[in-house]
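*Asks:* Chains as they are written, first to last, in the working numbering: chain A, 1 to 477; chain B, 478 to 518; chain C, 519 to 622.
None of these hints come from the bench; they were simulated from the model.
Incorrect hints may have been included.
Estimated spans, in silico, between C-beta atoms of each pair [stated by the list, open to error]:
(1) Arg40/A - Leu622/C: 53 to 61 Å
(2) Gln164/A - Asp532/C: 32 to 40 Å
(3) Glu596/C - Gly231/A: 21 to 29 Å
(4) Asn538/C - Arg446/A: 41 to 49 Å
For lysine to aspartate or glutamate, the following EDC-like pairs were computed, each having C-alpha atoms within a straight-line distance of at most 16 Å [as the list claims (entries may be wrong)]:
(5) Lys483/B - Glu537/C
(6) Lys480/B - Glu585/C
(7) Lys575/C - Glu537/C
(8) Lys575/C - Asp607/C
(9) Lys483/B - Glu616/C
(10) Lys621/C - Asp532/C
Remember, predicted model here, so these are calculated numbers, not experimental data.
Backbone N, C-alpha and C fix where the C-beta goes; we use that ideal spot for every residue, glycine too.
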Amino acid sequence: MSELKESIRPVRIGIEGVSYSLTHVPDLVRYGSKPLREIRAKPSLGEQLAQQLRDFDAATAYAPHQVYIGNIAPEKLSELPKPWYERLIEGATREGRFGDLVDQDEFYAILAGADQFNLASFEENWFRRHSAPHAIGRAPKLRPLAEIQALCEKDALPLYSGKQLVGAFEPGHAEDANLIAEVLLENIAAKVTASHSLRSLLKTLTLRPDDIDFVISCSEEAVGDRYNRGGGNLAKAIAEDVGCVNASGCDTKAFCAGPMYAMVLGASMVQSGLAKRVAVVAGGSLAKLGMKFESHLKKNMPVLEDVLGSFAVILSPANPGQVCMRLDSAAFHPVGAGASPQAMAEYLAEKPLAKLGMKLTDVDRYAVELHNPEITVPSGSGDVPRTNYLTLAALAVMRGQIQKNQMEDFVRQRGMLGYAPTQGHIPSAIVYLGHAVDALQRGEIRNSLLIAKGSLFLGRMTQLSDGCSFLVDRNKT
Amino acid sequence: MLKGRKIIAIGERDGVPGPVIAECLEGAGYEVVFQATECFV
Amino acid sequence: MNFENQGVIKRLADQYGPENLTVVLGNGEANGVEVFAETVTEGDPSYAGPLAGVALKIPVYHVLEEEVMTEVPDKMREEKLQLSTLVIDIEPMHQVLEASRAKL
């Protein structure tokens, strides 16, 4: 990456709106990657898992979820009594300031409505009573219970509502490993949760679907077949599902840093004039459901990884006074940078800030990997946001911008507790954008630096780590 | 129990990653026979 | 420690002999270090991975422990590890690992 000449000419792209959804799917936790493997090896775990699932009201009143949908500010989370899964929020609503919680009955409805290949069948009586009120899109494939059972005995994945068998999800092809039922369910879950977030956002902004010029999806899935396992373009499927008839789309993939790259690329399209309104969307990761369920069971906690996280952002040319992405601040982590925490913080924070004439201490709020520590700490995975904030604080110490004894203040003032479900791409900085926009609009902060990381080494093609960052601030009036 | 031994480096993404441990131990003259980075999220 | 890495360590122990190996960790927090240490000394405490019931007795260090840090060339230590010493509290990990090594 060549060194750019230092000149501060802000390039701002307007953030028209952000919307986040949490889709509560307790009866799909069994199909998360870890539970699926573990329950196949030891079927009694399935029964134990079923006993520790929480209901929609408990998921709604869960403080981190209320933060996620915008009803509680992240700064307030540290004041709330723990454990959050026991000290539920009274009067919590499923509608949030910039998002919502979707229950499983509705999920099954939107899944059926987006299912163009008749992969999903539902038991007719149950569906009519529970999911039909939420029906959208295509007519669902309804069958009598005996047929559902027959499908499940063959090769379909059973779909449950509590203990009741209510549906079957079939494979897409008898001989294609990339079209097995588990993969297609994962893909369609990403599709419909992303669609739901985009639909919600359009409604909030009183925009029409045909106002969108381009959709970029940065979901965690691999849509494809045996000749092209990750062919993708889920974005276009989402655009179609939402009715964005004027838009095409494409996917951006970069492990957990995907959303941040998608934002940079979407903003670039707006900046170049190629598109006027770009929607950046991501659906939830079914594979990550119940990832740490064993440690939650051991500690007699509810299984907290029972939600699919999704979001939608709409980018367009900046208006005066609007909260914007600083496209000129976009930063990457080059191949030669090295994987040390210092190198990552230098390339993703220090250098891009210096380009803007800023120091680390000129950032009012950092958003890093915001995984909910209540999920990660019991399994020995640590408090991920805290470690990331301490890394930024440590760099500030090494640069003489703060003293060593001010590190905790740095973390407290410029950081926050994690509140995102462990959905991979969702916690990786982008989850904070909604609150950043709010705080900027209210004048509580002047800027926010969002820093995402990607663990590329997990894919076995490189040992490298990766990251992407950009600053958010307000346009001049 | 370091000297003369071959090194297995198991790093953590947000702690000290595998490649960094490996570089540092190689710089110290050790042979690193395996390195990996664990990512818990 | 994930099962993949347990499997590799087992193979390397067969290949080189566990008495010729040392594990060096980079954990960000103390939580979990004890389990890692036990996994390569006494065997996987969860009894689920390839090292379940396999006591390799391989000594474990954390890269930020003094015994390891003093071996790393100065410049490299400053550039690659210095910052982590401000982030990671090595003391509790050092105590756990020293106790683990003393048992070998």
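*Asks:* The structure should be examined with respect to each hint, and the outcome stated for every one.
*Replies:* These are the hints, each one checked on the structure:
1. Taking the beta carbon of each, arginine 40/A and leucine 622/C are about 37 Å apart, not inside 53 to 61 Å as hinted.
2. For glutamine 164/A paired with aspartate 532/C, a C-beta distance near 50 Å fails the hint of 32 to 40 Å.
3. Between glutamate 596/C and glycine 231/A the Cβ separation comes to about 46 Å, which falls outside the hinted range of 21 to 29 Å.
4. For asparagine 538/C and arginine 446/A, the Cβ-Cβ distance of about 57 Å falls outside the hinted range of 41 to 49 Å, so the restraint is violated.
5. About 9 Å separates the Cα atoms of lysine 483/B and glutamate 537/C, which keeps this hinted pair within 16 Å; it holds.
6. Between lysine 480/B and glutamate 585/C the alpha-carbon distance is near 10 Å, which keeps this suggested pair within the 16 Å criterion.
7. A hinted pair counts as satisfied when its Cα atoms are at most 16 Å apart, and lysine 575/C with glutamate 537/C qualifies at roughly 8 Å.
8. For the proposed pair lysine 575/C and aspartate 607/C, the alpha carbon gap of about 25 Å is over 16 Å, so the pair is violated.
9. Between lysine 483/B and glutamate 616/C, the direct Cα distance comes to roughly 19 Å. Violation of the 16 Å bound is thereby established for this hinted pair.
10. Proximity of lysine 621/C to aspartate 532/C is assessed by CA-CA distance (about 22 Å); at most 16 Å being required, the pair is judged violated.
Hint compliance for this structure: hints 1, 2, 3, 4, 8, 9 and 10 are broken, all remaining hints hold.
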